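Quick note: the sequence shown, position 323, residue 323 per the UniProt record's numbering, numbers continuous.
These are computed hints drawn from the structure, not numbers from a lab. Keep in mind that a hint or two might mislead.
To be verified - Calculated lysine-lysine pairs in the DSS-like style (CA-CA distance at most 30 Å, straight line):
#: 1; residue 1: K89; residue 2: K106
#: 2; residue 1: K54; residue 2: K165
#: 3; residue 1: K22; residue 2: K123
#: 4; residue 1: K215; residue 2: K132
#: 5; residue 1: K218; residue 2: K54
#: 6; residue 1: K78; residue 2: K264
#: 7; residue 1: K22; residue 2: K233
#: 8; residue 1: K271; residue 2: K78
#: 9; residue 1: K165; residue 2: K43
#: 10; residue 1: K132; residue 2: K106
#: 11; residue 1: K264; residue 2: K132
#: 12; residue 1: K264; residue 2: K165
#: 13; residue 1: K165; residue 2: K106
These figures come from a predicted structure and were not determined experimentally.
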Amino acid sequence: MIYFDNSATTPIYPQALESYVKVSQNYFGNPSSLHQLGETASKLLNQARYQIAKIMGVMPSEIYFTSGGSEGDNWVIKGTARAKSFYGKHLITSKIEHPAVMNTMKELEDQGFEVTYLNVDQKGYIDLEELKDALRPDTILLSLIAVNNEMGVVQPIEAISEILKDYPSVHFHLDAVQTVGQVDLHLGEESRVDMAVFSGHKFHGPRGVGFVYVKSGKNLTPLVEGGGQEGNKRSGTENLPAIVAMAKALRMVTDQAGQSQLPKLRDKLLKGLVKYPDIDLFSPQEGAPHILTFGIQNVRGEVTVHAFEEEDIYLSTTSACSSRSNRESSTLLAMGVKPGHAQTAVRISLSFDNNLEEVDEFLRVLDKVYQQFEPVRQSK
Numbered sequence: 001m002i003y004f005d006n007s008a009t010t011p012i013y014p015q016a017l018e019s020y021v022k023v024s025q026n027y028f029g030n031p032s033s034l035h036q037l038g039e040t041a042s043k044l045l046n047q048a049r050y051q052i053a054k055i056m057g058v059m060p061s062e063i064y065f066t067s068g069g070s071e072g073d074n075w076v077i078k079g080t081a082r083a084k085s086f087y088g089k090h091l092i093t094s095k096i097e098h099p100a101v102m103n104t105m106k107e108l109e110d111q112g113f114e115v116t117y118l119n120v121d122q123k124g125y126i127d128l129e130e131l132k133d134a135l136r137p138d139t140i141l142l143s144l145i146a147v148n149n150e151m152g153v154v155q156p157i158e159a160i161s162e163i164l165k166d167y168p169s170v171h172f173h174l175d176a177v178q179t180v181g182q183v184d185l186h187l188g189e190e191s192r193v194d195m196a197v198f199s200g201h202k203f204h205g206p207r208g209v210g211f212v213y214v215k216s217g218k219n220l221t222p223l224v225e226g227g228g229q230e231g232n233k234r235s236g237t238e239n240l241p242a243i244v245a246m247a248k249a250l251r252m253v254t255d256q257a258g259q260s261q262l263p264k265l266r267d268k269l270l271k272g273l274v275k276y277p278d279i280d281l282f283s284p285q286e287g288a289p290h291i292l293t294f295g296i297q298n299v300r301g302e303v304t305v306h307a308f309e310e311e312d313i314y315l316s317t318t319s320a321c322s323s324r325s326n327r328e329s330s331t332l333l334a335m336g337v338k339p340g341h342a343q344t345a346v347r348i349s350l351s352f353d354n355n356l357e358e359v360d361e362f363l364r365v366l367d368k369v370y371q372q373f374e375p376v377r378q379s380k
């Protein structure tokens with residue numbers, strides 16, 4: 001089996017799974033309980049928070065545990081909107097955001113907030129001049145996806161941060177789910193990024209757990225009310241086994257990042273794909289090293305996915321969160337891709353577990369699939 005769908009989810013590392021099982025069996029106390037089991041669980045929770053904060057270059061008090069990326073994005077956007085609505089009701093995002101951001105923005109529009117959706121160019125980058133024009137005295141939040149989950153486009157965070165230095169009251173939120181181990185992301189006191197959202201299962205941790213970085217001094221109202229866990233910001237008994245396993249996976253991924261082969265793998269894939277005249281490349285060449293999206297002309301993406309599946313190679317049709325809806329990719333449409341071409345999109349997404357032999361096998365099967373679809377390709 002060749003698994004090239006790592007942007008949808010990654011297989012949990014055995015060491016992270018071992019941590020999950022060990023904590024579940026031996027440290028099952030509620031971290032809020034006053035007895036010894038609770039105290040031990042609380043210490044483990046604090047250790048995991050400290051470890052994650054150290055890796056991310058921030059303070060432990062700036063890390064909040066959640067159920068994953070979608071909850072994190074919802075909390076940051078809604079929490080900012082509610083906390084700062086007295087100062088303004090204008091939000092800015094882009095047209096290529098994850099549904100967790102896009103649908104949250106739509107909900108806030110229904111509640112009286114105004115949202116500006118920034119255009120992107122043919123590679124998926126926002127226009128910095130358009131961003132400057134969109135910023136207003138009543139703007140309270142800029143929310144962007146740092147690495148687009150469908151195309152791999154990496155937004156110019158440093159250049160955006162420079163612009164925002166003139167707007168200190170605007171909170172800057174990044175959906176950073178696809179960044180871990182793939183692109184450098186600078187957080188902390190010197191960074192202009194105020195909030196960033198992460199999800200454990202995107203970097204070989206368990207599903208159903210994530211964390212949010214919130215810069216000290218930035219106020220968010222809670223999304224989930226209850227027992228006051230996570231500094232009264234995210235109530236609910238902490239999922240300690242998953243949190244410890246996520247911290248373990250994060251350490252492992254960041255340790256491997258310096259020796260990553262992914263740029264080499266992606267480059268070989270690119271060179272193999274461009275040989276075919278009826279294959280469109282949708283991802284920018286300078287994109288994130290683990291994501292590459294292409295399409296075989298006149299062949300729907302799901303048909304291509306199933307053709308590779310028959311050869312035990314697993315790809316996806318752009319975002320896993322909306323792939324079963326059969327809708328064309330809103331990201332590709334925003335990039336100016338014609339609807340018919342957008343339907344052909346197929347995403348390759350890699351992890352550190354992949355290797356050159358798998359890329360060679362993919363390219364061998366690609367040639368077979370490409371020839372198999374010749375009658376369809378020629379029916380232009």
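Of the hints given before, which are not true for this structure? 3, 6, 8, 9, 11, 12
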